[in-house]
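Number of protein chains: 2
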Amino acid sequence: MLTFVGLGLWDERSITVEGRDALRNADRVFAEFYTSRLMGTDVESLADHHGVDIEVRDRAGVEQRPEPILDAAADGDAVFLTAGDTMISTTHVDLRLRAHDRGIETRVIHGTTAEAAAASLTGLQNYRFGKATTLPFPYAHGADTVPGSVCDTLDDNRERGLHTLVYLDIKRERDEYMTADVAADLLAEGYEDCVAAAVCRAGSPNPTVEAARLSALADREFGDPLHLLVVPGELHHVEADALRELAGAPAEFTEPV
Amino acid sequence: MLTFVGLGLWDERSITVEGRDALRNADRVFAEFYTSRLMGTDVESLADHHGVDIEVRDRAGVEQRPEPILDAAADGDAVFLTAGDTMISTTHVDLRLRAHDRGIETRVIHGTTAEAAAASLTGLQNYRFGKATTLPFPYAHGADTVPGSVCDTLDDNRERGLHTLVYLDIKRERDEYMTADVAADLLAEGYEDCVAAAVCRAGSPNPTVEAARLSALADREFGDPLHLLVVPGELHHVEADALRELAGAPAEFTEPV
Numbered sequence: 001m002l003t004f005v006g007l008g009l010w011d012e013r014s015i016t017v018e019g020r021d022a023l024r025n026a027d028r029v030f031a032e033f034y035t036s037r038l039m040g041t042d043v044e045s046l047a048d049h050h051g052v053d054i055e056v057r058d059r060a061g062v063e064q065r066p067e068p069i070l071d072a073a074a075d076g077d078a079v080f081l082t083a084g085d086t087m088i089s090t091t092h093v094d095l096r097l098r099a100h101d102r103g104i105e106t107r108v109i110h111g112t113t114a115e116a117a118a119a120s121l122t123g124l125q126n127y128r129f130g131k132a133t134t135l136p137f138p139y140a141h142g143a144d145t146v147p148g149s150v151c152d153t154l155d156d157n158r159e160r161g162l163h164t165l166v167y168l169d170i171k172r173e174r175d176e177y178m179t180a181d182v183a184a185d186l187l188a189e190g191y192e193d194c195v196a197a198a199v200c201r202a203g204s205p206n207p208t209v210e211a212a213r214l215s216a217l218a219d220r221e222f223g224d225p226l227h228l229l230v231v232p233g234e235l236h237h238v239e240a241d242a243l244r245e246l247a248g249a250p251a252e253f254t255e256p257v
Numbered sequence: 001m002l003t004f005v006g007l008g009l010w011d012e013r014s015i016t017v018e019g020r021d022a023l024r025n026a027d028r029v030f031a032e033f034y035t036s037r038l039m040g041t042d043v044e045s046l047a048d049h050h051g052v053d054i055e056v057r058d059r060a061g062v063e064q065r066p067e068p069i070l071d072a073a074a075d076g077d078a079v080f081l082t083a084g085d086t087m088i089s090t091t092h093v094d095l096r097l098r099a100h101d102r103g104i105e106t107r108v109i110h111g112t113t114a115e116a117a118a119a120s121l122t123g124l125q126n127y128r129f130g131k132a133t134t135l136p137f138p139y140a141h142g143a144d145t146v147p148g149s150v151c152d153t154l155d156d157n158r159e160r161g162l163h164t165l166v167y168l169d170i171k172r173e174r175d176e177y178m179t180a181d182v183a184a185d186l187l188a189e190g191y192e193d194c195v196a197a198a199v200c201r202a203g204s205p206n207p208t209v210e211a212a213r214l215s216a217l218a219d220r221e222f223g224d225p226l227h228l229l230v231v232p233g234e235l236h237h238v239e240a241d242a243l244r245e246l247a248g249a250p251a252e253f254t255e256p257v
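Sequences listed follow chains L and U, in order. The letter at position 172 of the first sequence is residue 172 when you use the numbering used here, and the numbering goes up by one with no holes. The letter at position 119 of the second sequence is residue 119 when you use the numbering used here, and the numbering goes up by one with no holes.
Next up, chain L with everything else stripped away, as it sits in the complex (with noise of 0.2 Å):
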């Protein structure tokens, strides 16, 4: 059996009771951070508080050498840790079919994600999200600008008065991830008065929400990542009394429709 199991957004208890007690019951445990990583904790910590081995794998060890992980699923019970939900990256379903193709039993115990903890941090209603879009660091798409598809995304949402959520670009192997500052300062080219919400630390005790003008929260410092960026459609007024009241957005740009 191969157990899919998503450790959530922060710490060794971001997991579920039943993530949890399968990662503790496992022969094997295997895991994978470069799709992305828990802030709050580091391997060594997260093996030693759940008194398990994990043996974490990288890119390779994952898409082209998967047959160790396969093996240990096919003799026993294995368990693959990825942080937020699993199955978010198309390296896990990959993973999952070549379980499947071998006849190796998979199961998905579901982790907390960064979308809803946008949706839930914000008070912006989840169902009036439209596309996510991720923004690359502009070395990353060799340019030093915000990639067309990006913008596409931005434009198409906001014609429909749908929010925008941003995730903002992770180089695991640099250890480097994008701030909502840095993030707000590309977009604000061509959305300076756009009002968008930063959303720091998300699933951590001490989580910030911050809403302006793109063109301010380019100044500002939020401190410790993960950062994400969203940026609001039309607003019901529980969603703009939220933006103003929990995020300090300016009152003017929160007018409900």
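Possibly wrong hints are sitting among the right ones.
What the simulated footprint calls covered on chain L by chain U, stretch by stretch (three residues with Cβ under 8 Å from a Cβ of chain U suffice, anywhere in the stretch; the number is not a length) [as the list claims (entries may be wrong)]:
# : stretch
1 : 16-28
2 : 109-119
3 : 155-169
4 : 230-242
Hints are computed from structural coordinates only; laboratory data are not their basis. Even glycine gets a Cβ: it sits at the ideal position worked out from N, Cα and C.
Given the coordinates of chain L, assemble chain U onto it according to the supplied hints.
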């Protein structure tokens, strides 16, 4: 302090370890189950499992008469429980704002969501979903057809190649939950040849995912609630493989773009 805790998707063990600890350490525990509920347990079992008293409030007890909850939060540590993630409904945001107005500190401990589970279990990538929609019981919106708003969302997303998560109506007061076959039958009017995935009992130990034409899904039975429908947009090859191998989608409808 008022701590909002999401119970997650299924039973007593769907909550995060952090949420469970907050729940067990609270001076008073309140809950509402009129926006959603856990299908894998009931309030008594939940209270027994965690060794706490849970004071369940109806809509009026949260929206018209929240004072007892706020008083408890002003005097000590109060926890407010909801199924899934918390803050999913404006009800909860409104309660948080009332606490904020009274100078009561608030905190959010996230839970797993049907939205993330639907992406995980189908193998469809979460960032390729457009706006979600909810399909109401015909009697609830006074017509025997699908509301135009649902079609608009589906059409918008399909035009853009995006997946659509369709929440199915819940009438808690009548303990009535729309099943995927009923939903598929309603949507088959106008989308007959459209392939969709029925996601049933997400977050439970035995979730099922079945992908087929809406007209075919309409003739199946999917067992106990809760059910969701996902209408896929354009498919990447891993998404197509997942729908075919994990959900039995007909090969001719899962050609990657």
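List, from low to high, the hint numbers that the structure doesn't satisfy.
none
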